[in-house]
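Participant: Listed below, chain by chain, are the residues.
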Amino acid sequence: MMANTMRILGALCWRTWLKTARRPVVLTFSFVQPIMWLLFFGFLFHRFDVGPALRGVRYLDFLLPGVCAMTVLFGASQSGIGLIRDLQTGFLQRVFDSPANPGVVLGGKLLADVVRLLAQAVVIGLLGLVMGTKLHFTLAGVVAALLALGLFATAFCSLSYLVAMKTGTPETMATFVHLVNMPLLFTSSALVPARQMPDWLAAISRVNPLTLAVDASRNALLLGEFASLGRALMLLGAVGTVLLAVAWTAAKELRREN
Amino acid sequence: MTTEAGTAAVARALTKRYVKGVVALDQLDLDIRRASITALIGNNGSGKTTFLKILAGLLTPNSGSAQALGCDPATRTTWLRARLGYVSQSVELDPELTAGETLSLFATLYGLPRATCHAEVAGLAKSFALAEHLPRLVSTFSGGLRQRLHLALGVLHEPELLLLDEPTAALDPAGRSFVWQFLQRLRNEGRTIVVVSHDLTEVSHHCQAIALLHKGRLLTSGSPADVIAAHANWKLEVELAERVEQNTTRFQQVVSVPGVKSVSAHERRLVADFAERDASAVQRVAEAVLQQVARLNASVLGYRLHPPDLASAYFNLTGAAIEEPEQSANVESGKGADGGHRQGQESMV
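Listed in order, the protein sequences are those of chains A and B.
So that you can map any letter, position 239 of the first sequence is 238 in numbering that gives the first Met the number 0, and since no number is skipped, the others follow by simple counting.
So that you can map any letter, position 344 of the second sequence is 343 in numbering that gives the first Met the number 0, and since no number is skipped, the others follow by simple counting.
Isolated chain A (complex conformation):
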């Protein structure tokens, strides 16, 4: 039973990767955008003082973990588009017609998307190193950053799947992406430390899940600090679990209505 579930999970994960690989233009642009942010913001604000807590840290070094998290946010929020295509071709309904559990169907895609987004974040991180950023690399730091980004990706992929399954239209998905990405990015600590923000913005930033992911990976990779990691992972895990559960329920409903 478990072996069969894992096999289905693997097959659906592989299918998602195949489709990603067959759209090289989309994949390329998903790398170009964060590199442009890194280049423009990194060099535009290279004199920006990141505050006393991070004294001695250059803005480009500060920015890199934020751009890695941003890469995950942008990719995760668009991950539901694949489900919309599957709904429009009727392929998803056909998959739901099979005896496979809808949770496993969703899980296969989620696994593929999260692993892809983490791989993209790693590539952006490496490109940042090539551009001269200095990070404090340790195995624990890399694992902590990947865990935080992985949980964040799980949450936002689930949200994107939910929107896709509930609306089924690419237009709504485009609106969702625009409505979510920019406010979430600019109210987070991805580009600017919360301490440098106006109070009201700093308050929003503290409850922004992107801030949790950015701060956890920044502290781990830049400062080698893990004091707040547990809290961040717990909160991100809670958000991810709730959104995944809601998306799973939507998948079950869709299968029933199918």
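Hint data in this document are derived by calculation from the structure and do not stem from the laboratory.
Bear in mind that the values here come from a model prediction, so they are computed numbers and not experimental data.
Think of the CB as a built atom: it goes at the ideal place given N, C-alpha and C, for glycine as much as any other residue.
Some clues are possibly wrong.
Which residues of chain A face chain B? A few of them, derived with a C-beta cut under 7 Å, are [as the list claims (entries may be wrong)]: (1) 6; (2) 7; (3) 10; (4) 14; (5) 18; (6) 89; (7) 90; (8) 93; (9) 97; (10) 98; (11) 99; (12) 137.
With chain A held as given, fit chain B onto it using these hints.
Facilitator: Structure of chain B alone, referenced to chain A:
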């Protein structure tokens, strides 16, 4: 209600109403025999697809009940999903996967054993003449190839009950022949097939049972031979030298010939439906009709005597031929209401 032995699916007083009050099924009672190919025939909107979708668990009836393999299809249990195959009218494939990837994925989803999975996919691909197309992306497939792959996915898990909605609609004659042969093979293995089709000739040749639906109700059911014997009649099609107005009263006297039920004329064709079913008597009625036509000063270029067939039964029961003006055109082109050819069904006199 439990499904009786020998019955794969049952409908009892099955009613389905869509929004805006459209009644798709109205108190439908129908039994589908095990190990048979049963065709659902009827005009567009007669409820065929709705019935199929209810059996597949894709729609819930408003009242009445349905059973598929002894289960309420609405529950859509994993057990039933593994034993039931539904092939929709629209082709539901992922254009970005190859045929091989698609078949392998569904083999996994349906839990085919890993050890035999590859061989089973290869065997199925061979059966559906898809073997050489396995590495190709579905987006590069022709309509016929897509339809074959779509059908192959429906039978991949060897369902006990297979529900097919117009599976031959997009296929060329060779493809159609292949599909019917394949369905026959499944039936010989003891599987039950319910197929929606508008091709009455194919249905007559390949199905063991038919159910004619009209406005959501069952008009008749039984073997094609039984339905033809009970509801079809002989027809005489006369080719005239002159054009005649549709609905002209000129040839109404032909109805007075004993054994003639009705007459219709259009363009250069006159069609007489016979009430007489006895083959020997039919010749006499045909001769009497031709004499009557001659008496009406109409020159006859030729004529054909059509034996009773499913199309005739269909028209008689649904009244479609009388209501729809294009029927005359169908007779002219030698096609039935389904657009299917009638080769081998008509005898030149």
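Participant: Quick check on residue 93 (chain A) please, does its C-beta sit within 7 Å of some C-beta on chain B?
Facilitator: holds (5 Å)
Participant: With chain B as the partner, please determine if residue 6 (chain A) meets the hint condition of a C-beta pair closer than 7 Å.
Facilitator: Holds: closest Cβ of chain B sits about 6 Å from residue 6 (chain A), inside 7 Å.
Participant: Can you verify the interface hint for residue 10 (chain A): is its Cβ closer than 7 Å to any Cβ in chain B?
Facilitator: With a minimum Cβ separation of about 4 Å from chain B (threshold 7 Å), the hint on residue 10 (chain A) holds.
Participant: Quick check on the hint: residue 97 (chain A) CB to chain B CB, less than 7 Å?
Facilitator: holds (4 Å)
Participant: Do the numbers back the hint for residue 14 (chain A), that is, is its least Cβ distance to chain B under 7 Å?
Facilitator: holds (6 Å)
Participant: Quick check on the hint: residue 18 (chain A) CB to chain B CB, less than 7 Å?
Facilitator: holds (5 Å)
Participant: Grab the minimum C-beta distance from residue 98 (chain A) to chain B and call the hint holds if it beats 7 Å, violated otherwise.
Facilitator: holds (4 Å)
Participant: Let's test the interface hint: is any C-beta of chain B closer than 7 Å to that of residue 137 (chain A)?
Facilitator: Constraint on residue 137 (chain A) not satisfied, violated at 39 Å.
Participant: Against chain B, run the beta carbon of residue 99 (chain A) and see if the smallest gap drops under 7 Å.
Facilitator: holds (5 Å)
Participant: Does residue 90 (chain A) meet its interface restraint, that is, does its C-beta lie within less than 7 Å of any C-beta in chain B?
Facilitator: holds (5 Å)
Participant: Per the CB criterion, is residue 89 (chain A) less than 7 Å away from chain B?
Facilitator: Residue 89 (chain A) check passes; min Cβ-Cβ to chain B is 3 Å, inside 7 Å.
Participant: Under 7 Å, Cβ to Cβ, is where residue 7 (chain A) needs to be relative to chain B, so tell me if that hint holds or is violated.
Facilitator: At about 6 Å, which falls below the 7 Å cut-off, the nearest Cβ of chain B leaves the hint on residue 7 (chain A) intact, so it holds.
Figure legend: structure checked against the earlier numbered hints; the only hint not met is number 12.
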